[in-house]
Amino acid sequence: MIEITDLTKRYGNKTAVDGLSFNVHPGRVTGFLGPNGAGKSTTMRAILGLDRPHGGSVTVNGRAYVGLPRPMREVGALLDARAVHPRRTARNHLLCIAQTNGIPAKRVDEVLQVVGLESVARKRAGGFSLGMGQRLGIAVALLGDPKVLLFDEPVNGLDPEGIKWIRELMRGLAAEGRTVLVSSHLMSEMAQTADHLVVIGKGKLIADIGISEFVRQGSNVLVRADDQERLAAELTEAGGTVLPGADGALIVTGLEARQVGKAALDAEVVLTELTPQRSLEQAYMDLTRDSVEFQASAA
Amino acid sequence: MSVAFADTVRSEWTKFRTIPSNIPTMLTAVALMVFPGALTANGASENYQAADEATRAVFDPTYISMYGGFLFAQITVGALGVLVVTHEYATGLIRTSTTVVPRRGRLLGAKVATFALIALLMGWVSSFGSFFLGQAVLGSGGAPTASLGEPGVLRAVAGMGLLWVLVGLSGVALGGLLRSTMSATTVLVAVNFIIPIIGPRLLPDAVGAWVQTYWPIQAGLQITTTVQSAEGMLPWPGFGVMAAFTAVLLIAAFALFRSRDA
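Each protein sequence line maps, in turn, to chains V and U. Each residue of the first sequence is one higher than the one before, starting from 1 at the first, in our numbering. Each residue of the second sequence is one higher than the one before, starting from 1 at the first, in our numbering.
Isolated chain V, as found in the complex:
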């Protein structure tokens, strides 16, 4: 269980994370989603005590990470898989890290097997492909057999087979009752991996929602009305989930366009727009459009 309360972090005068609060629960894969620059990595670094927050608190299983006597036994993290000395072998890289937490060399050989690197264990890590490097980074996270795992953009640059492997690994870890937080900027990836979604943009929480609610047969409807509040109440009553979209629109999941229209009729509000969304990706983009930092304008 990870608890983040009112977390704020600035770099110079730029606010990277702005009063962010959410919890990550065990037994499921929580997708941490947001456009590039939304503050995902900053949040993960704050969980691990790498960055000092300017405000708020982060606890892992009720304690501050930096206070954990054997942190690897409680939290494993993949932050940057390229962070290896290129001339150290994979096994020695893991051994250096394992020794800091009193983890025996036997465990190093075990995780090498789990991630499928046992045949290259004595090869220099500098010669590894992106996928092998990613597996080595995951081996680091698994060394302490931790109850909480953080993966920052684990599928970046991987081939389809590698992506499938990581996805199954994360689902397996969650099924064992572990807390798994995985960040991504790709909705499509999260849709196939996560049980729960935390969406942030510009350092603020946009949504904290179960994936099944968000997906609900992939039908999302964008709707505007003269009385949004009444409509939102009616839609919620009808079984939909309402999230604020760009420019004051409502993003409705769990209801089809016809049901949204019916709800508007029941609530006696005038619809000014009713647009069934094409895809999950589209819904995500609508959700985060206002918070994308760098955006190409239409020519």
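Hints listed in this document are in silico derivations from the structure and should not be mistaken for laboratory results. Glycine is no exception: its CB is placed at the ideal position from the N, C-alpha and C atoms. Careful, some of the hints might be misleading.
Facing chain U, according to a computed beta carbon distance under 8 Å, are these residues of chain V, among others [said to hold, decoys possible]:
| id | residue |
| --- | --- |
| 1 | 25 |
| 2 | 77 |
| 3 | 140 |
| 4 | 259 |
Listing some non-contacts, in silico: residues in chain V with all C-beta distances to chain U over 12 Å [as the list claims (entries may be wrong)]:
| id | residue |
| --- | --- |
| 5 | 1 |
| 6 | 36 |
| 7 | 51 |
| 8 | 67 |
| 9 | 80 |
| 10 | 82 |
| 11 | 84 |
| 12 | 114 |
| 13 | 119 |
| 14 | 164 |
| 15 | 171 |
| 16 | 175 |
| 17 | 237 |
| 18 | 256 |
| 19 | 276 |
Simulated coverage check for chain U against chain V, where a stretch passes if three residues somewhere in it have a Cβ under 8 Å from a Cβ of chain V [said to hold, decoys possible]:
| id | stretch |
| --- | --- |
| 20 | 3 to 9 |
| 21 | 17 to 31 |
| 22 | 83 to 93 |
| 23 | 99 to 106 |
Starting from the known structure of chain V, arrange chain U on it as the hints suggest.
Leaving out everything else, chain U in the frame of chain V:
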């Protein structure tokens, strides 16, 4: 030593020995100390033959056998100390290290302890090696020689190993402060080599004389002498100046390492 600290030291030793170039570099430092030391001793024995009584009276066979090699070796030792910290910044490994050892003081403390031991062992191998080789060269050249039983000689030879530790740790501290191999090594070479060796020739006489006596590495080197020169500090107070200088660098490095984002 707490269990957690011992674990971190063990990890730091593994880090050091598993970078393939470190052990050869270490042996290079030893060779740089012993062989140029022998050459310097050879030159010194020739000079001794030509010298007058006053020069012969202050002839210090212990110091002469070690000093020439130390000038070269200290750069290698210091640079290895720098790399103990900066290789982690260069590769990004520092983020992993500070994640798995979130107590930053413990992490840097383990680096300091591990490298101090490495530098001490290297230093003693070098200082005793160059001392014995140097005495043989001096003796065959007809100059006086020293033996470990004579007053101050063991202190001077063992003290040379301690000086290696201080030079190495000033490298670790500079690596932690500057985080870049290039800039930390440059500062290290300037502080321990350029300023004390070339400085006195370029600076005004008064400043030059001050540098020659009180500059940390110059003061520290007094521990390796057995003949007290008029302008030099006494052995232990001189060593104390170098130790204090190293301590200040380390304290600054610890303070910054704890407060900075990794």
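8 Å C-beta criterion, at least three residues: is the stretch 99 to 106 of chain U covered by chain V: The restraint on the stretch 99 to 106 of chain U holds, since 5 of its residues have a Cβ under 8 Å from chain V and three suffice.
Beyond 12 Å from every chain U Cβ - status for residue 171 (chain V): Holds: least Cβ distance 24 Å, greater than 12 Å.
Residue hint residue 140 (chain V), partner chain U, criterion CB-CB below 8 Å: Check passed: Cβ of residue 140 (chain V) comes within 7 Å of chain U, closer than 8 Å.
Least C-beta distance between residue 256 (chain V) and chain U, which was stated to exceed 12 Å: 46 Å, holds
Distance rule for residue 175 (chain V), whose beta carbon must clear each one in chain U by more than 12 Å: 25 Å, holds
Restraint outcome when residue 259 (chain V) is required to lie within 8 Å of chain U by C-beta distance: 48 Å, violated
Given as non-interface: residue 82 (chain V), which should sit over 12 Å from chain U by C-beta: 6 Å, violated
Consistency of the no-contact label for residue 67 (chain V), given chain U and a CB cut of 12 Å: 8 Å, violated
Given as non-interface: residue 164 (chain V), which should sit over 12 Å from chain U by C-beta: 26 Å, holds
Status of the stated non-contact between residue 51 (chain V) and chain U (beta carbon gap over 12 Å): 5 Å, violated
Annotated coverage of the stretch 83 to 93 of chain U by chain V, confirmed only when three residues or more have a Cβ within 8 Å: With 4 residues closer than 8 Å to chain V, the stretch 83 to 93 of chain U meets the three-residue bar; holds.
Reported absence of residue 84 (chain V) from the contact zone with chain U (all CB gaps over 12 Å): Residue 84 (chain V) not clear of chain U: closest Cβ-Cβ about 6 Å, inside 12 Å.
Hint violations for this structure: numbers 1, 4, 7, 8, 9, 10, 11, all remaining hints satisfied.
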